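*Asks:* Residues per chain, in single letters:
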Amino acid sequence: MGSASAAGHGINITHDKAKDRHVTVYVMGKACLVPGDATIMGAIEYAGHQIIRGAGCREGYCGACATLYRLPGDYRIRTGLACTTLVEDGMTLAQFPSIPAGKAIYDIETLKPDVSAIAQTYPVVFRCVACNTCTKSCPQGLQVMDYVQAAKRGDIAQVMDLSFYCVACGLCMLRCPAEITQPLVATLAKRLYGRHLRKESRELAERVRQVEDGSFDPEYAELMAMSREALSQRYYARDME
Amino acid sequence: MYPEYMAASLRMVDETRARRLELAKKPEPVYPPMDAAERRAVLEGFHPDFKSDARRPVRVGPNRGDILTTEVAHLLESHSWLRPEQVDLSRPDFETDLLIIGGGGAGCNAALTAMKEHGVRSLIATKLRMGDANTMMSEGGMQAAVARADSPTRHYLDALGGGHFENKPELVRALTEDAPKVVQYLENLGVVWDKEADGSLQVLHGGGTSRKRMLSCRDHIGAMIMRTLMDEVKNHPDMIEVKEFMPAVELIRDEEGRCAGAILYSMDSEEFFVVRAKATLIATGGFGRLHIRGFDTTNHYGATGDGLVLAYRAGARLMYMDSVQYHPTGAAFPEQIAGFLITEKVRGAGGQPLNKDGELFVFPREPRDIEASAIIRECVQNGGGIATPSGRVGVWLDSPIIDLIHGEGYTAHHFAAIHRQFLRYDLDITRVPMLIYPSLHYQNGGVEINERCETNLPGLYVAGEASGGVHGRNRLMGNSVLDYNVFGRRAGLFAGEYVKNTTLAPLTLSHLDRHERDLADAGVDSELVTPILLPSYAPEDVKKRQLIRGGNVLPGSSVLRNRLHSDATL
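Respectively, the protein sequence lines represent chains U and E. Heads up: the first sequence begins at 570 in the numbering used here, then just goes up one per residue. Heads up: the second sequence begins at 329 in the numbering used here, then just goes up one per residue.
Mixed in with the good hints there might be a few duds.
Under the rule of at most 30 angstroms between Cα atoms (straight-line distance), these lysine-lysine pairs were calculated in the DSSO-like manner [claimed, not checked]: (1) 496/E x 872/E; (2) 599/U x 444/E; (3) 672/U x 509/E; (4) 571/E x 444/E.
Hints in this document: simulated from the structure, not taken from any laboratory. Quantities reported herein were computed from a predicted structural model and do not represent experimental measurements.
Model the full structure from these sequences, guided by the hints.
*Replies:* As structure tokens, this is what we get:
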């Protein structure tokens, strides 16, 4: 959601103001009247805050805007990304832009893609009590506990697959009673998979060799010497796969 | 859910799908691609860059007299945060060999490469967190000519044609020739590429590609690469120092005219710090958050074109800053995600743009500026658009056809992020199409560089979206992910080499005095203080009340007050 107006699209359609509905949300404890169809991030900004921590990509990829909230008459603590979660009337919310977690330092080359890597870097994983709170708190709907269990078994491929869409907002580790740092484990597992468990591409190796051998030098030289007209001709005549 | 009044149009999309599926199964294009004359006509008629007030001459600086995007010209004709006479340059707060401004893909690559190739230490200063960058958000893919049917020279010709033959040839050669090596390098760092069963890389088409060349990591390539690079940077705290929430607000030069570091600003304490550096890399990304021509943007929160301002005031020349890339497919509904990126990979996989009658009106994989202009034409001239309840307009992007082409489950697996995004609003894109409209996406131009990432200012390097020349006036899909990898690494390589033989003279900010004189001489009357750092999304009435309390906006006053300028000032 931005400040940009639909007018920038060159077409004007009258906005039906009568349909606007406002709700009350409690931003870090303070009541604010905001549009009923706002995202949490939009509501915080509507209330006049300049967010410095707590907004990043604003589209659900970066994990900067982890938010906890409760709804009236409901004891449960809910979680969401402020950029994509809609407000509800009576919502009380707080952002958690940074959640403490100690990243392990390692050399991806020398780690082995099995349980030994987990034991060396994030042994806290073995404290998992399988309570499933992490999974319930994931705004991406990932099976977090399942990947923690896979990490305990050293099944790196499964950790990679189950955690593929982790945005590292950290809400799981905030809620985890075993104090596990799940997003860090997810990043490690993906790197281990990419580095050590991938299937090699023969054609990639060949292509890199061709480039290093200068196989394309003559054609580059020819193209770079061509006039714009000649290039244009060749471009529009090129065959398409 | 879509509003009831769209039901008739949605029904027509359903009705035409079987016929369009037949077209998609044939080897010929589903709609005739445009030739050179048709491309020119749609661009000049409908691309936002061609509106009469979209560009104007800039009155000061190295590009004085050049026609630039209007908002960019405003940005360059603005004041510094600093009063140079109050800055003590004789005792720098930090010293480093290589200062990297920006903690996105280009910056991380440069730091890692300078370390690995030259043993050079660097300091990364970034406005928000590391990885708060457009790099994090790219969805669809990266171009690299790795398939046997393809070649780097074909990639070269495609990129040049997409850029209307205005790209700097030596930059396009570097881009396309380094690409296969970049794939290997990223894989060795642990990037998980989509692969075929035999281990070869999965390739798809993108707009303007003549061979299938788009590599992917499902629809999360940016997050995959960014998190890998950040993790590796953080594995070397002794060689790479990272300062978050510390944007640069001005470059420093030495008395021999070289770039010699920057002034950083703490977003928390509002202090300024002097960094002395033998070489400086601008890797600050693009400018989507300037909301050029009022467009929504796909860009991250901090994309305010800071690097352009810094480099320009220090004397660096810009290239192609008269051209803006609008991504053809930004979300137009629901309102909460307006402007969000819908990856071009959707069309690479067979997704089709359709008008309100459910009919094709453009080849789905034209280069971006052409495709975006054709969508605008369909809405503005042909009346083929669908209006949204909040006053936007868009056309359909038929996604249900993708599973019909590739088999059930394909969309859920390969487009999981977008699928999830729309499901939050009860829209299942495997069953209903998305409503889309072009969204402000990419800064085609930037600070002019050569293939070593050097600028006309010695000691200043630029890489990634902040640079200009690689893409001409129109970038193709998948060439920006490639760009920040190729040129981020090159910047680390060549800047790392440069610092070894450089001894700095005393530091100066005299270029700021010269800039102020130039503004006065040109009769520029501007209250704007830049870099912008962050946009303000407070409602206008809130901004007005904030300004009353804040008093006059003076250079050097708080960042908060500067941000209160309404969008109209920009």
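*Asks:* Could you run down the list of hints and mark each one as holding or not?
*Replies:* So, going through the hints one by one against the coordinates:
| no. | hint | in the structure |
| --- | --- | --- |
| 1 | 496/E x 872/E | 45 angstroms, violated |
| 2 | 599/U x 444/E | 50 angstroms, violated |
| 3 | 672/U x 509/E | 29 angstroms, holds |
| 4 | 571/E x 444/E | 21 angstroms, holds |
Violated hints for the displayed structure, listed by number in ascending order: 1 and 2.
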